[in-house]
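> Now for the letters of each chain:
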Amino acid sequence: MKKHTLFAASLIFVAGAAVGHLYGNKILRNRHCCKKSNNCCTVNSSKITAADPVYIRETETNGHGL
Amino acid sequence: MYYSNGNYEAFARPQKPANAEDKSAYIVGSGLAGLAAAVFLIRDGQVPGNQIHIFEELALPGGSMDGILNEQRSYIIRGGREMEPHFETLWDLFRSIPTLDDPEVSVLDEFYWLNKNDPSYSTTRAIENRGKQITTDGQLTLSRKAIEEIAKLVLASEEQLGDVKINEVFGTEFFKSNFWLYWSTMFAFEPWASAVEMRRYLLRFVHHVGTLQNMSALKFTKFNQYESLIKPLIKFLENKNVDFQYNTTVDNIIVEHSTEKKIATELDLTSSEEKKKISLTADDLIFVTNGSITESTTYGDNTHPAPKEHEIGPSWNLWEKLASQDSDFGHPAKFYKNIPTASWVISTTCTFTDERVIPYIKKITGKDPRSGSIVTSGPVSIKDSNWLLGISISRQPHFQQQRSNELIVWLYGLFSDQPGNYIQKKITECSGKEICEEFLYHIGVPENQIANIAQAANSIPVNMPYITSYFMPRTTGDRPLVVPAGSQNLAFIGNFAETPRDTVFTTEYSVRTAMEAVYQLLDVDRGVPEVFASSFDLRTILNSIYYLNDQKSLPELPLNKLEKVGLDAFLKKIQGTYLEEIFKAANLI
Ligand SMILES: Cc1cc2nc3c(=O)[nH]c(=O)nc-3n(C[C@H](O)[C@H](O)[C@H](O)COP(=O)(O)OP(=O)(O)OC[C@H]3O[C@@H](n4cnc5c(N)ncnc54)[C@H](O)[C@@H]3O)c2cc1C
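From first to last, the protein sequence lines stand for chains S and Z.
Everything in the first sequence is counted per our numbering, starting at 16 for the first residue and increasing by one.
Everything in the second sequence is counted per our numbering, starting at 9 for the first residue and increasing by one.
Think of the hints as simulated: they come from the structure by calculation, not from any bench.
You can take every hint at face value.
Pair by pair, the computed Cβ-Cβ distance ranges are:
(1) Ala66(S) <-> Glu112(Z): 54 to 64 Å
(2) Asp117(Z) <-> Ala65(S): 47 to 57 Å
(3) Ala66(S) <-> Ser381(Z): 34 to 44 Å
(4) His79(S) <-> Tyr586(Z): 46 to 56 Å
(5) Gln457(Z) <-> Ala66(S): 21 to 31 Å
(6) Ala66(S) <-> Ala20(Z): 56 to 66 Å
(7) His79(S) <-> Asn460(Z): 33 to 43 Å
(8) Asn15(Z) <-> Ala65(S): 52 to 62 Å
(9) His79(S) <-> His339(Z): 13 to 23 Å
(10) Ala493(Z) <-> Ala65(S): 43 to 53 Å
(11) Ala65(S) <-> Phe19(Z): 51 to 61 Å
(12) Leu77(Z) <-> His79(S): 35 to 45 Å
(13) Thr144(Z) <-> His79(S): 22 to 32 Å
(14) Ala65(S) <-> Gly494(Z): 48 to 58 Å
Note that CB positions come from ideal geometry on N, CA and C, so glycine has one too.
Take the sequences, apply the hints, and build the full model.
Right under this line is the structure:
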């Protein structure tokens, strides 16, 4: 490989690796078990209840109060 | 105007722009943005100081950057400023401003030395159950889903996020994380705030992800920001014969339009109830601070709440009048109308003169507030407070005149629609004493001592009806560009003017827009320091991945089988390469 092609290739590789971790997981999850089974990958396991502090409960309002 | 970075441009002095001595400047507002514009006109544009006029509706300068010993009330700060080393234009400004005490020492020098000798570090970021540190303090506790949501937000474009709110892009797991608790309370984000702005913050401050839990990246001024930053600026400008006109409201600016050109031709003002008009030519440069988050502030005292009633102030009225003349001048109503009730309005300055509160503060912060060092390094947040109360205690004394037995504590509540946990009232309905009592309750003072200690203290609540306006959901075009297309002599400055990438609710944003405005209207030929480029630095991004995952390396992440195989293959591939070096340096392998 020519020197400049090598450099460009490694740059792409570096950038890909940085976001790859975050996005690779997501893509893999869609391709694989998550579509078939609920517990395979992370799902939103948490619910907001009246016992949660106000600042968490307020995330479910449109800003005009609980 | 162009952006630059690096020392070549940072240390260079621009040549005198053509006809600089023929220019006059009319600046609306003596907040940080207006003062910075005046300094850049003089320092970089070589406009004579006596040709610069600053109009201010109030009787004193500084705008939001206050700090005052009010004779009738007590010490008052509406806020304290967290600052960081990469406020590039701000430090570019203050390198040139001498301190009040020593003309050989710049404000930047003073700040730099002070923060070297007394660095910020917080051992307790959040408490609950009346003074107990939350058990997971120091961890960001982000689930994988929450991290994915962060990544998704960052990768969206601003256009895609127009008018979108934070709680429309994140789910419950994210909001339950310590990351959200730390992030929202440090920067005053409400769940309904602008997702565009949240995205900008994530990118702009990505280099701080690793220090969110201890706030060691933050830096603070010696005294309150009025004394440490505004007063030296005023002295500098007065020495250059800049003309300050207080108690003067700019009511309107008439802008004439010809094909592709806009030119401000008349300034209408009211000074001490007298109406005046100033005719303008293309050599008269106008800088407007449009909107203000502290305008219409009301003040209470120890026994009275800060009144809720207020009028729409001149900053919004002027912006409305400008916007009605040209669609390029933005949509002010987006920022000052329909502000949600579940938001921050009140902050309170408590002055304690007795010793009884000290042990509780020491217990929480691990620091002696009488030591003269930084105490809370930013806020300590009270997780189970219905008001989401935050506590901030700066270096004491926080005022030059402050006596050695006085301790100043600053409080703010991010939710104003709920009764407190101890005081069964909304924070907006509370006197200073009642807000102080709620604070004492949350830090663990026994209930039978609370009323007595609060009575002996002097607490001044302030009601800032527009304090969250910077964060209102917005879309492209709601804020005017610093210099709107075709404008010959009119610029917008401050946090309601649009400049790319930078984040509002910062001192830096005010100074940046001022610099960009001056450099464009005067054609100053030197680069404006770009917004710190950490989001383009791979090392920083990798490091943030490490911290977002609570300091786990890639192999330690909870990956499924397939992902593990992929990761192993990747790690094998980069063995012995530069990539392995930087992944290792970021602790990812
Ligand atoms: C409580 C609080 C906490 C903050 N925390 C931080 C922080 O941690 N870190 C940080 O970097 N920044 C922080 N900030 C933000 C920072 O202080 C502000 O962004 C900055 O000071 C705004 O300056 P400005 O000149 O742009 O606007 P302002 O300070 O609002 O000044 C505008 C001035 O113009 C005047 N004016 C407006 N219109 C007219 C008119 N038509 N005629 C005459 N006069 C007019 C107003 O009276 C005012 O004096 C905080 C601000 C507050 C209030």
